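Novice: Here's the letter readout for the chains.
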Amino acid sequence: MSVGILVVSHSAAIATGTVELAGQMAADVPMVAAGGTDDGGIGTSFEAITDGIQELASADAVVVLCDLGSAYLTTDTALDFLDDDARARVRVSQAPLVEGTVAAAVAAQSGGDVDAVLAAAASAAGSAADADDASTASRPGDPSGGAVPDAQTGPVDDGAASATVELVNESGLHARPAAEFVKAAAKHESTVRVNGVDAKSLLAIMALALPKGATVSIDATGPDAQDAVDALVALVRSGFGE
Amino acid sequence: MALDTAWAIDWVRRTAATIEEHRAELVTLDREIGDGDHGENLGRGFRAVLEAVDGGSFETPGAVLKVVATKLISTVGGAAGPLYGTAYLKAAQAAGDATDLDAQTLVAVLVAARDGVVSRGKAEVGDKTMVDAWTPAVDAAQAAADAGEGPERVLAAAADAAAEGAASTEPLVARKGRASYLGDRAIGHRDPGAQSSAYLLRAAADAA
Numbered sequence: 172m173s174v175g176i177l178v179v180s181h182s183a184a185i186a187t188g189t190v191e192l193a194g195q196m197a198a199d200v201p202m203v204a205a206g207g208t209d210d211g212g213i214g215t216s217f218e219a220i221t222d223g224i225q226e227l228a229s230a231d232a233v234v235v236l237c238d239l240g241s242a243y244l245t246t247d248t249a250l251d252f253l254d255d256d257a258r259a260r261v262r263v264s265q266a267p268l269v270e271g272t273v274a275a276a277v278a279a280q281s282g283g284d285v286d287a288v289l290a291a292a293a294s295a296a297g298s299a300a301d302a303d304d305a306s307t308a309s310r311p312g313d314p315s316g317g318a319v320p321d322a323q324t325g326p327v328d329d330g331a332a333s334a335t336v337e338l339v340n341e342s343g344l345h346a347r348p349a350a351e352f353v354k355a356a357a358k359h360e361s362t363v364r365v366n367g368v369d370a371k372s373l374l375a376i377m378a379l380a381l382p383k384g385a386t387v388s389i390d391a392t393g394p395d396a397q398d399a400v401d402a403l404v405a406l407v408r409s410g411f412g413e
Numbered sequence: 265m266a267l268d269t270a271w272a273i274d275w276v277r278r279t280a281a282t283i284e285e286h287r288a289e290l291v292t293l294d295r296e297i298g299d300g301d302h303g304e305n306l307g308r309g310f311r312a313v314l315e316a317v318d319g320g321s322f323e324t325p326g327a328v329l330k331v332v333a334t335k336l337i338s339t340v341g342g343a344a345g346p347l348y349g350t351a352y353l354k355a356a357q358a359a360g361d362a363t364d365l366d367a368q369t370l371v372a373v374l375v376a377a378r379d380g381v382v383s384r385g386k387a388e389v390g391d392k393t394m395v396d397a398w399t400p401a402v403d404a405a406q407a408a409a410d411a412g413e414g415p416e417r418v419l420a421a422a423a424d425a426a427a428e429g430a431a432s433t434e435p436l437v438a439r440k441g442r443a444s445y446l447g448d449r450a451i452g453h454r455d456p457g458a459q460s461s462a463y464l465l466r467a468a469a470d471a472a
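If you read the sequences in order, they're chains A and B.
If you use our numbering, the first sequence closes out at 413, no skipped numbers anywhere.
If you use our numbering, the second sequence closes out at 472, no skipped numbers anywhere.
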C-alpha cells in the first residue's frame, strides 16, 4: 500500500519547507505542499488542497497534515466536495505539522499502511516535550495514537532479548540513521525499546540525540525479539553506511 | 417584498456593501484577538461573489445562495471561507427549488446555515464565535415564525438577535479559533465572526 502526504499550511514557505524536510528522510513518498492562498498571501486555499489530493491520486491513501484551525476547516470542506470513493482514500491527521509530517513520511517510506502512518504522525505530538511519553503514544497500527498504554497485552510466553552496542558512525543516532533504525525496528512484530524509548518512533529516537560513541541499549519483547535485537545491533555496527 | 430570487440577489449586494463599509472595523476586531484578516478576507470573498452574481442568471434564491457558497469557499482563505461557505451551501440545500421562501422555509434555511457553521467549526454557544450570533438569530426567527409573523418580520427578528448575540461575545473567553490562544486577554473584545454574521443577517432583513 502506498501512502501519499498532503501538507496544508497558511504559509506557502512552511508547506514547501516541510515537504522538503520530510523528503530528506522519505525520498520515495509522494508529498504535495498546499500552502498559502491562491494569490500568494497567508491563508489556506480550497483549490490548492483539492488539486493536491488530485495530484496524489496514484497513492492508495492520502494523509493530510494541517497547521492552524482554518487549514483543517478548508481541508474538511474540500473533502466534502469529493465523491465518496475519493473521500474514503483521505485521512486527516491532528498531529503538529512539521514533526507529524516527518514522522508520517518516515512511516510511509518504511512501507506502513495508512493507519501506521497516522499513528506515526500522532506519536509526534508530545515528542519534543518528553521523548518517553511520545514513545508510549506511538504504536504502529493503532490509529488513535494509543496515548493510554494497556496493562500487559502480549502473551506471557513472549520471547525477550536485549543487547548493548556502541554507536560508531559520525552523526550518531540522528536524522537519517534514526530513520533507518526505525525502519528496521518496524519490520519486527516485537515491542522494541532503545534507551527506554519506543524504537519504532522516529521522533522519540531523535529526541535522545545520541552522538557517536554513545551506548545504545536495545530491549525487545515479543515473538521475534531475538531477530529484532540482532538486526538492530547489526545495523548500528554497520555504521549506517557512513 | 417576497423572499424571491431578486431578494437573494439584493441580499448579496447589501452584504458586499456592508462588509465593505465595515471592513476597517472587522479588521480592527480581528487584530485585537485574531490574525487581523477577517475584514480583508470577507471583502475579497464578497467582491468575487458580486462578480459571479452580476455575471450569472438565477432561477431561485437557492441558486444564488449556492454561488455565494462556492465563491466564498474558493476565495476567502481564512476560517470564514469554509464556515460561511458551508453555511450558504446548507442554506441553498434547504431552500431547494422554492422560487420564494415563506416564513417556515426561511427558518429552515437559517437553521441549516447555523447547523453548517456548527458542524464545520465544532463550536457551541459561548465559545466566542459566529455561533453566538447565529443561534440566537435562529431561535428568534423560529419564535417569530411560530407566532405567525411573515418572512420580513422573521428576518428582522433574526437580525436583531444576531446583533445582540455578537455583543454578547465581548465578556467571553474564546474556546475556538485563533482567539483561543489568548485566554483571558480575549475578554472585552467582540468576536469579529459574530459581528460579520450580524451584518450579514441585517443585510438579509434590509433586502426584504
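Because the hints were derived from the structure by calculation, they are not lab data.
These numbers come from a predicted model, not from an experiment.
There's no promise every hint is true.
[Unchecked claim] Pairs of lysine to aspartate or glutamate residues, derived as EDC-like cross-links and limited to a Cα-Cα distance of at most 16 Å, are as follows:
hint, chain 1, residue 1, chain 2, residue 2
1, A, K354, A, D256
2, B, K440, A, D284
3, B, K386, A, D247
4, B, K330, A, D251
5, B, K330, B, D274
Novice: A separate judgement is required for each hint: does it hold in the structure or not?
Specialist: How the hints compare with the structure:
no. : hint              : result
1   : K354(A) x D256(A) : violated, 31 Å
2   : K440(B) x D284(A) : violated, 32 Å
3   : K386(B) x D247(A) : holds, 12 Å
4   : K330(B) x D251(A) : holds, 15 Å
5   : K330(B) x D274(B) : holds, 15 Å
Going down the numbered hints, you'll see the structure goes against 1, 2, while the others check out.
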